[in-house]
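Number of protein chains: 2
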Amino acid sequence: VRVSPVRFASTEATTAAKISGDEESEAKKEASAVPAGERKAVASYWGINPSKIAKEDGTEWRWSCFRPWDTYKSNLTIDLKKHHVPTTFLDKVAYWTVKSLRLPTDIFFQRRYGCRAMMLETVAAVPGMVGGMLLHLRSLRRFEPSGGWIRALLEEAENERMHLMTFMEVSQPKWYERALVMAVQGVFFNAYFLGYVISPKFAHRVVGYLEEEAIHSYTEFLKELDKGAIENVPAPAIAIDYWRLPANATLRDVVMVVRADEAHHRDVNHYASDIHYQGQELKGCPAPLDYH
Amino acid sequence: VRVSPVRFASTEATTAAKISGDEESEAKKEASAVPAGERKAVASYWGINPSKIAKEDGTEWRWSCFRPWDTYKSNLTIDLKKHHVPTTFLDKVAYWTVKSLRLPTDIFFQRRYGCRAMMLETVAAVPGMVGGMLLHLRSLRRFEPSGGWIRALLEEAENERMHLMTFMEVSQPKWYERALVMAVQGVFFNAYFLGYVISPKFAHRVVGYLEEEAIHSYTEFLKELDKGAIENVPAPAIAIDYWRLPANATLRDVVMVVRADEAHHRDVNHYASDIHYQGQELKGCPAPLDYH
Ligand SMILES: [Fe+2]
Ligand SMILES: [Fe+2]
Ligand SMILES: [Fe+2]
Ligand SMILES: [Fe+2]
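Each protein sequence line maps, in turn, to chains B and F. Its first residue numbered 29, the first sequence is counted upward by one per residue in my numbering. Its first residue numbered 29, the second sequence is counted upward by one per residue in my numbering.
Please keep in mind that the hints were generated in silico from the structure rather than gathered at the bench. Since we're looking at a predicted model, the values are computed, not measured. A couple of the hints might just be wrong.
As the list claims (entries may be wrong) - Computed, partial: chain F to chain B, Cβ under 10 Å:
id	residue
1	W74
2	N77
3	P132
4	M161
5	S167
6	R294
7	Y299
8	L317
Stated by the list, open to error - So the derived list for chain F, only partly shown, Cβ under 10 Å to chain B, looks like this:
id	residue
9	F94
10	G176
11	R179
For each residue, glycine too, the CB sits at the ideal point set by N, CA and C.
Build the full structure now, drawing on both the sequences and the hints.
Written as structure tokens, this is what we have:
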């Protein structure tokens, strides 16, 4: 049995965190989490001071998109080969939908896996957000709890966005890639929204298969790194903090933990689809929280 | 300076939390967080076992919608009187939009504040989700960090949903109230979505004023409780766990902490609007995280 952890996301903790007696202006000036160059002071009487956070080594916490307690050590022992064999008609549609997206993606990116990873993560972060939002609205409408699934799906979306923030450090999007992302997001957001409203069973299955493809794609990325076709540069600082990697971690280590994340997403989404297939509701089956 | 907290939402922690050597079926059977009656076992080979969590006193953690480290002690010292005086045209539109919604609400609910609270929370949980989602999509589209605002707004939405889960325990929605909620959500979700796309400055200001009204409404609720017009029943179990209230807490204590939450939301949203008014972007100003 897990005992309640020491840390609570509490007002108390936040209050205790403030340096006692420091004045507002100073707190604002030093406030972290946005690169110093972009940091702005906003005159405000709302009493909002971003809390200062330090790393274990005493240096300032640099990230505002995640905090120390959102970070984790990845479980690299996860089975990368698991596959849901499509049996029903709907599963087959989901499987072939994903497979048919593979060809144009392969042609477009060829072996530029860094670029491919970056672009695909802009899409990968959409389903969790859409699913989480729809379950949130349903919970409100029906006056019923969510079984933790809202949080689980939003956590997945956030995790995917961190993948993007990481790969952005390694490769820079070109203007036509930016344009493509806008177009793809517009189409995919609406398609997934509609899909999730009509059949969450199908929607989660599609994501399960997308994640299987993601695992494959990151495995290819690793092969290129090992061949030396892609340079194994040092890991970006954001990745070292987010996955608690050693200071000398490289791009290869990053791809390893990202691939493990995708395997976890695969499990969660196939599981969610299974729940629907067995005629049950997500809210009746506790969601896998903190399952990275 | 705040030192990194001990608890990390990590795979390690989750793994350590599992009772070593227990088999999957047993873990699933005992898995907590969904009321025992609704708990279902789903045959799955995805290896997903909801982690078991215990409270400080060793009893089973009952909630899946939030976990011990999401709970907090409310800061009741927050200034309840703060008000943003509308000066610009847009502010005045926001102010009078909210004020004009007050009359029909007053007429519909009269002095039934328990019912009113429950109904209004179904609406209050929408803006944070819409804002968080739109900022998430923008972060993906533009390849840029969010300054923590995605998380801050999603946390607000989650907090409002917990208000709803709490008041649901105190008053039961009638069929026509359920129907009303569906209609209102349909309209409000779309209106706020559009509003946030067109003018986040205006959207956050509207929420700021809505929260000012919420504070007023909960103050009236407290008056009715003190007069004895509404019975001061014991606090629901979910509220005691979520706000770490004493075991003998009452409805009055719950309304007090909920009102403090609304004051925090007021600050966050007026602040977000101020940032836009000062021609800056949210991502450049670190969001108030853990600011309940
Ligand atoms: Fe990813
Ligand atoms: Fe993924
Ligand atoms: Fe609320
Ligand atoms: Fe609120």
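Now the hints, each set against the structure:
For the restraint placing W74(F) at the interface with chain B, the shortest Cβ-Cβ distance is roughly 4 Å, inside the 10 Å limit, so the hint holds. Hint status for N77(F) relative to chain B: holds, with the closest Cβ pair at about 8 Å, below 10 Å. Annotation: P132(F) was flagged as interfacial toward chain B, and the flag is violated, the nearest CB pair being 20 Å apart, outside 10 Å. Taking 10 Å as the C-beta cut-off, the interface hint given for M161(F) holds, the closest approach to chain B being about 5 Å.
With its C-beta approaching chain B no nearer than about 6 Å, S167(F) sits inside the 10 Å limit, and its interface hint holds. The interface hint given for R294(F) holds, since its Cβ lies 8 Å from the closest Cβ of chain B, which is under the 10 Å cut-off. Given the 10 Å rule on beta carbons, the hint for Y299(F) holds: about 4 Å separates it from the nearest Cβ of chain B. Because the beta carbon of L317(F) sits about 7 Å from the nearest beta carbon in chain B, less than 10 Å, this interface hint is met.
With its C-beta approaching chain B no nearer than about 8 Å, F94(F) sits inside the 10 Å limit, and its interface hint holds. A least Cβ separation of about 4 Å between G176(F) and chain B falls short of the 10 Å threshold, and the interface hint therefore holds. For R179(F), the interface hint holds, the least distance from its beta-carbon to any beta-carbon of chain B being 7 Å, beneath 10 Å.
Going through the hint list in order, the structure does not satisfy hint 3, though it satisfies all others.
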